[in-house]
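Q: Residue strings, one per chain:
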Amino acid sequence: MSALILAMVVLLAVVLIGAALVAIKGKSLPIAILSAGLVSLIASVLFLVLAAPDVAMTEAAIGSGLTTFLFFFVLSRVRGGEND
Amino acid sequence: MIKRAAALLLLTIIGGIFFTLLTGYSADENLNLTAQYYAENTAKDIGAANIVTAIIVTYRGLDTLGEVTVLFLAAAIVGLVLARSRGAGAAQTVKAPVGELLTTGSHSLLPLILLLGIYIFVNGHLTPGGGFQGGAVVASAMLLLLLANPVKRFNHRLISIIESFSGFSYVVIGVLGLLLAGGFLDNRILPIGEFGQLFSAGAIPLIYSLIGLKVGAEFSSILSNLSEAEEL
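Residue numbers (this note's numbering), protein chains in the order written: chain Z, 1 to 84; chain B, 85 to 316.
Extracted from the complex, chain Z is given alone in its bound form:
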């Protein structure tokens, strides 16, 4: 693994942890959903770097694509509940 790729991976890992913290601690639900999607997107890039393209494809399509919108669909259904 060359130094450039290693630096990129470390940067991505830091952003991943930051996005995960935003998803847990953030006050706004839409932003939390978007950061959870970002976590999956970065994880899929990391899988690709680790030479697992099959897993990366699944993570990108299901983790960051479908589940993000699934959460938005559900959010629009529960809007107006007790705790919003």
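Possibly wrong hints are sitting among the right ones.
[As the list claims (entries may be wrong)] According to the in silico footprint, chain Z covers these stretches of chain B (three or more CB under 8 Å from chain Z):
hint	segment
1	206-218
2	222-230
3	299-312
[Claimed, not checked] Below, a list of computed lysine to any residue pairs in the SDA-like style, where the Cα atoms sit at most 25 Å apart:
hint	chain 1	residue 1	chain 2	residue 2
4	Z	K27	B	A91
5	B	K87	Z	T68
6	Z	K27	B	M85
Note that these hints are calculated values from the structure, not bench results.
From the three backbone atoms N, C-alpha and C, an ideal C-beta is built for every residue, glycine too.
Fit chain B to the given chain Z structure using the hints.
A: Coordinates of chain B only, in the frame set by chain Z:
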């Protein structure tokens, strides 16, 4: 207070476990015994260029059947739970029109995304990806369709026909493997063919296309059920 202490203790234990794993890690020089078997025999026995696919569809085919069943159950339960809230002839809520950009973009992107999904599962034995990934990409095309036109209704009968047909054929191919070749889901019921060609690796392209259709239909049905559910 005691809750917080317990959480901290748990975190420390988990951190300790991972730390010892990390310090004790050294990259293997050679493949382990199982991996070596797969690396040496896949091309000869199965004829698939993608070893991951050979393992998922043939060596561990029964596990994949289980996974597909789990996904089917999830889709069925979503349908069951949401069917109650889908009132018959309920008042259609007027939704804000979607943007021009999304409508035009979806028209030009939809065929490309569908084609990519089909390419991924048809070439599952040659390139990375396969039925699950291809099916998810096909379903994301359906998601784009729903986003561009929120009042769009999918044909549920068509989705369930595709879903049941592919599931049934998958099991029939598995039983054929039991009768004609070495065991359940053996891919050698069709000729292995030339390594690296599209029509090779026996029944793998067929099985993976069926899995792709099934997964795509299941995800689409989950999405359309969620989008059709009336306000609770």
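Q: Taking the hints in turn, state whether each one holds.
A: Hint check results:
1. 206-218: holds (count 5)
2. 222-230: That given contact holds, which follows from 3 residues of the segment 222-230 of chain B lying within Cβ reach (below 8 Å) of chain Z.
3. 299-312: holds (count 5)
4. Z:K27 x B:A91: 22 Å, holds
5. B:K87 x Z:T68: 31 Å, violated
6. Z:K27 x B:M85: 24 Å, holds
Violated hint for the displayed structure: number 5, the only one.
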